[in-house]
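Visitor: Residue numbers (our numbering), protein chains in the order written: chain L, 1 to 124; chain B, 1 to 124; chain U, 1 to 124; chain P, 1 to 124.
Some hints here could point you the wrong way.
If chains are identical, the list can't say which one is meant, so a pair holds when it fits in one copy or spans any two.
Claimed, not checked - Pairs of lysine-lysine, DSSO-like flavour, derived with a Cα cap of 30 Å:
1) Lys56 with Lys11
2) Lys100 with Lys113
3) Lys11 with Lys58
4) Lys8 with Lys69
5) Lys100 with Lys115
6) Lys8 with Lys58
7) Lys8 with Lys56
8) Lys11 with Lys115
9) Lys119 with Lys58
10) Lys104 with Lys56
11) Lys108 with Lys66
12) Lys115 with Lys8
13) Lys113 with Lys8
If you're looking for bench data, these hints aren't it; they were derived computationally from the structure.
There are 4 protein chains.
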Amino acid sequence: MGEKITYKIMKNIEELTESLIEFRDARDWEQFHNPKDVALSMVLEAGEVMEHFQWKNKEEVEQYVKTHKDDIGEELADVFNWVLILSHDLGIDILEASQKKIEKNAIKYPIEKAKGIHKKYTEL
Amino acid sequence: MGEKITYKIMKNIEELTESLIEFRDARDWEQFHNPKDVALSMVLEAGEVMEHFQWKNKEEVEQYVKTHKDDIGEELADVFNWVLILSHDLGIDILEASQKKIEKNAIKYPIEKAKGIHKKYTEL
Amino acid sequence: MGEKITYKIMKNIEELTESLIEFRDARDWEQFHNPKDVALSMVLEAGEVMEHFQWKNKEEVEQYVKTHKDDIGEELADVFNWVLILSHDLGIDILEASQKKIEKNAIKYPIEKAKGIHKKYTEL
Amino acid sequence: MGEKITYKIMKNIEELTESLIEFRDARDWEQFHNPKDVALSMVLEAGEVMEHFQWKNKEEVEQYVKTHKDDIGEELADVFNWVLILSHDLGIDILEASQKKIEKNAIKYPIEKAKGIHKKYTEL
Numbered sequence: 001m002g003e004k005i006t007y008k009i010m011k012n013i014e015e016l017t018e019s020l021i022e023f024r025d026a027r028d029w030e031q032f033h034n035p036k037d038v039a040l041s042m043v044l045e046a047g048e049v050m051e052h053f054q055w056k057n058k059e060e061v062e063q064y065v066k067t068h069k070d071d072i073g074e075e076l077a078d079v080f081n082w083v084l085i086l087s088h089d090l091g092i093d094i095l096e097a098s099q100k101k102i103e104k105n106a107i108k109y110p111i112e113k114a115k116g117i118h119k120k121y122t123e124l
Numbered sequence: 001m002g003e004k005i006t007y008k009i010m011k012n013i014e015e016l017t018e019s020l021i022e023f024r025d026a027r028d029w030e031q032f033h034n035p036k037d038v039a040l041s042m043v044l045e046a047g048e049v050m051e052h053f054q055w056k057n058k059e060e061v062e063q064y065v066k067t068h069k070d071d072i073g074e075e076l077a078d079v080f081n082w083v084l085i086l087s088h089d090l091g092i093d094i095l096e097a098s099q100k101k102i103e104k105n106a107i108k109y110p111i112e113k114a115k116g117i118h119k120k121y122t123e124l
Numbered sequence: 001m002g003e004k005i006t007y008k009i010m011k012n013i014e015e016l017t018e019s020l021i022e023f024r025d026a027r028d029w030e031q032f033h034n035p036k037d038v039a040l041s042m043v044l045e046a047g048e049v050m051e052h053f054q055w056k057n058k059e060e061v062e063q064y065v066k067t068h069k070d071d072i073g074e075e076l077a078d079v080f081n082w083v084l085i086l087s088h089d090l091g092i093d094i095l096e097a098s099q100k101k102i103e104k105n106a107i108k109y110p111i112e113k114a115k116g117i118h119k120k121y122t123e124l
Numbered sequence: 001m002g003e004k005i006t007y008k009i010m011k012n013i014e015e016l017t018e019s020l021i022e023f024r025d026a027r028d029w030e031q032f033h034n035p036k037d038v039a040l041s042m043v044l045e046a047g048e049v050m051e052h053f054q055w056k057n058k059e060e061v062e063q064y065v066k067t068h069k070d071d072i073g074e075e076l077a078d079v080f081n082w083v084l085i086l087s088h089d090l091g092i093d094i095l096e097a098s099q100k101k102i103e104k105n106a107i108k109y110p111i112e113k114a115k116g117i118h119k120k121y122t123e124l
């Protein structure tokens, strides 16, 4: 049995979220997906992305990413998928939240003050 | 001067990514956005999401998320935005990577074996 | 030839730190041990400790720790060793720093206010 | 009332652990200190150490650590203290675990193979 095979290309966040929830429901995993464990999983997957760059200097990172795009993409997809799942479960519109945060950061980091500087807004 | 104010609602990942890169370019921050530091930032922001649930048991988490959706959404947007930036910088199509990962996980976690069980695929 | 085998039991932080630095020097790894990568490694190892508890509820954690003490101890030792290395490299007396932090926390979390409550000191 | 003030310098891990547990018991916090939340806290504190180095290149890190030893030491002490608490709670002898891990790593990373190379042992 299992899931039916589809060849559809998913084109947006809504379709991917739906697919993630279908995947979960088919495995009866909603019971494990409390926000705390989902956030914990997101942290671990973000760590796996970061691990790709461990011990590498600037030049080594530059070389590395050229030949490991798929590997990094796979870990990054894990982070992305947990973000979609948590957004879904908490009823967060992540596109809206993302846009709001960009707008908020534009105020926290005015171009005149922040240009070319990597300090935190509290130290600008 | 600063950035022009817009009232446009961004409706998809492409528009948000474009907006994030515009934000960055306006501040001349591309110089800081090497993949290692971006991944590090993504880990820290994922940690900030997780921090919301620190020391809380199941019931406390359930209560908490009802009244802190916006706060959590804001931190989650930070993670999401770093995912978009890193995807952009490395030339990763995150929608495609996400779908591929779901398909890969469907093979790693067959419904028959994984149903109702939270073990890692290596232990199923 | 490799390192000489010893059967000495190390009894304190100073001896362990010395041993860690010897290990590193024998491999010419000091060149990689900049504070940023050491901190990054410490985060990843702390994540590996946390991963032991992923998806497990309170009762499952209680059962798990009974039979996985050595596995968890091994990951915890990684975190501990990175703390010793970073302390060494930055000239931090970690025993003193630890004591100072306990004393500082005693002021931040007065018994009268904090007893039985898991809030952050800023919310007490 | 609160805790009695002492001027004793704690000289080793056993004394610090004892002090940490006294601190906890005085606040009736053992109820919150399950291994999962303690590990989660350790990850967050390790993140705070790492945050000190965010966006800084090699030279900036070198400059920064010269003038921020106490700040970094304070965060590092947090990680250290969580390691001691978790070791205590799980009955792990952290000094022994640390030594064992050094010995295990000496086998995983033989000097002849690992000298001057930052690869993982699986890739040596």
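Visitor: Run every hint past the structure and note whether it holds.
Guide: Hint check results:
1. Lys56 with Lys11: So Lys56 and Lys11 fail the 30 Å test inside a copy (34 Å) and across (34 Å) alike.
2. Lys100 with Lys113: within (21 Å within a copy, 37 Å between copies)
3. Lys11 with Lys58: Neither way: Lys11 and Lys58 sit 34 Å apart in one copy and 35 Å across, limit 30 Å.
4. Lys8 with Lys69: For Lys8 and Lys69, only the intra-copy Cα distance (23 Å) is at most 30 Å; the inter-copy one is 32 Å.
5. Lys100 with Lys115: Intra 21 Å, inter 38 Å, cutoff 30 Å: intra-copy only.
6. Lys8 with Lys58: neither (39 Å within a copy, 37 Å between copies)
7. Lys8 with Lys56: Neither: 38 Å inside a chain and 35 Å across chains, both beyond 30 Å.
8. Lys11 with Lys115: between (35 Å within a copy, 28 Å between copies)
9. Lys119 with Lys58: both (20 Å within a copy, 16 Å between copies)
10. Lys104 with Lys56: For Lys104 and Lys56, the Cα distance is within 30 Å only across copies (24 Å; inside one copy 33 Å).
11. Lys108 with Lys66: Between. Shortest inter-copy distance 27 Å satisfies the 30 Å Cα cut-off; intra-copy 34 Å does not.
12. Lys115 with Lys8: Answer is between: at 25 Å across copies they meet the 30 Å cutoff, but 43 Å inside does not.
13. Lys113 with Lys8: between (47 Å within a copy, 25 Å between copies)
Hint compliance for this structure: hints 1, 3, 6 and 7 are not met, and every other hint is.
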